Amino acid sequence: MNGAHDLGGMHGFGPVPKPEDGKPFPSEAARRMFAVGQATGALGLWNIDIARGISEDIPPGVYLNSLYHEVSLRRVERLAVGHGLISAEEVEAGKALTEFPAKAVTPLRPENLEDFYTRKYSYERPAPAVAKFAPGDTVRFRLSNPRGHTRLPRYARGHQGVVERIHGSFIFPDSRSKGQGEDPQWLYAVRISLGDLTKDGVGPKDALILDAWEPYLELLHGQPKIDER
Amino acid sequence: MHDHDHDHDHDEEVGALDTRVKALESILTEKGYLDPATLDLIVERYEKKVGPRNGAHVVAKAWTDPAYREWLLRDGTAAIESLGYAGRQGEHMVVVENTPSVHNVIVCTLCSCYPWPVLGLPPTWYKSKEYRARMIADPRVVLNEFGLELADDIELRVWDSTSEIRYLVLPNRPAGTEGWTEEQLMDLVTRNSMVGTGVALAPEQAGVS
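Chains A and B, in that order, are what the protein sequence lines are.
For the first sequence, the working numbering gives the first residue as 1, with consecutive numbering after it.
For the second sequence, the working numbering gives the first residue as 1, with consecutive numbering after it.
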């Protein structure tokens, strides 16, 4: 969706805050929220594409005025209510209103933690068809404006690029976030000339490379087609 | 508006946010969905056990072992896993090498994707809206804010982590380190050099003669 999370290239921001500070959390609440997000994700009720889509689906003004962990908080609240773990009334009240769990799930236990973080997992899936593009191909990013979750940033849409690499065939977030299954698509690293995206703080040879699933791309022929989706 | 009023409102908002976080954790715990012991361990894992020292090991090995370097650039996931670093947010690793004429830097404009098994959790600056926006809007100015100046004839490559591929920068090996051991070289490899907002330390900067 064309949300405020899609920040690449946006103007008006000031200096990067505290570049000298490597700490991941600016506060105890941010630390706790990270752990809560991880542990609720571990319940297996939703996947990362659904979760990202929910994070993004908030009014732009709210997103832009939120600290990072507030975005996480809103996401987990909404997912927890949406999946029947807690009720909206409980979120509003700030406390449990019924004693018993609403849903039978197994919480992540300390003895399972290492396995949760290190077990072999892959997002790669068998390819649906032969890859359409090859390294060196000139492609155009589609002019598409999906209402749902996508990983095609606005700054790239309509722009010309060159395929750098084929990564393989991977779960397609645009489909999986909508509950439409994994719908694996070929995934490419595509290089755009950074000077096409900005005139500030950029050198003449600079490049921007982003990963794009095949449905985001078309082989370059003349004018870009407006995507009706 | 008075600065004092603005700060007061801001503190109230942050206070209200913290209360909501605590409340959510408490409700989910009371209902048996979260184990408090696990929550502590999750944070501890990434604050104490998994961090940039892992990535420094990968880099130092690539600097000293040409066969490992070739493997790392060809199949980052396997080469990194062979050193014992693997798992969430690192399932698909691609390593991109700096050269005398190319400098790489990683960003996730859409959220905060970052290679946890080799670098731990991302710094707050990496997750900031400023970094996410300006790595596309004025990348070299951002690098200047990190103390990094690139010559005009250097090609800067900004990698936007839009998929589950996680990128790691292989920084240039500093001059004056001939004959150094892997252990010694690891001390020169900073987190920022593996994200691309910095370069590896020179021997004198690490306080090593």
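Since the hints were derived computationally from the structure, they do not count as laboratory data.
If you're wondering where the values come from, they're calculated on a predicted model, not measured in any experiment.
All C-beta atoms, glycine included, are put in the ideal place defined by N, C-alpha and C.
Certain hints may be false.
Covered, in the sense of this in silico footprint (three residues per stretch, anywhere, with C-beta under 8 Å from a C-beta of chain B), are these stretches of chain A [what the hints assert, rightly or not]: (1) 114-121; (2) 150-162; (3) 175-183.
Derived DSS-like pairs (lysine-lysine); straight-line CA-CA distance at most 25 Å [to be verified]: (4) A:K120 with B:K48; (5) B:K49 with B:K61; (6) B:K61 with B:K48; (7) A:K95 with B:K22; (8) B:K48 with A:K23; (9) A:K23 with A:K103.
Quick rundown of the hints versus the structure:
For a cut-off of 8 Å, the count of residues in the segment 114-121 of chain A with a CB near a CB of chain B stands at 6, and the three-residue condition holds. Residues of the segment 150-162 of chain A with a Cβ under 8 Å from some Cβ of chain B number 4, which satisfies the need for three, so the listed coverage holds. Under a criterion of three residues with beta carbons nearer than 8 Å to beta carbons of chain B, the stated coverage of the segment 175-183 of chain A fails, only 0 such residues being counted. Simply put, K120 of chain A and K48 of chain B have alpha-carbon atoms about 22 Å apart, close enough for the 25 Å limit, and the pair holds.
For the suggested pair K49 of chain B and K61 of chain B, the alpha carbons sit about 20 Å apart, so the restraint of at most 25 Å is met. Pair hint K61 of chain B plus K48 of chain B holds up; C-alpha atoms about 22 Å apart against a cutoff of 25 Å. With a C-alpha separation of about 10 Å, the suggested pairing of K95 of chain A with K22 of chain B holds against the 25 Å cut-off. For the hint pairing K48 of chain B with K23 of chain A, the CA-to-CA distance comes to about 12 Å; that is within 25 Å, so the pair holds.
For the suggested pair K23 of chain A and K103 of chain A, the alpha carbons sit about 36 Å apart, so the restraint of at most 25 Å is broken.
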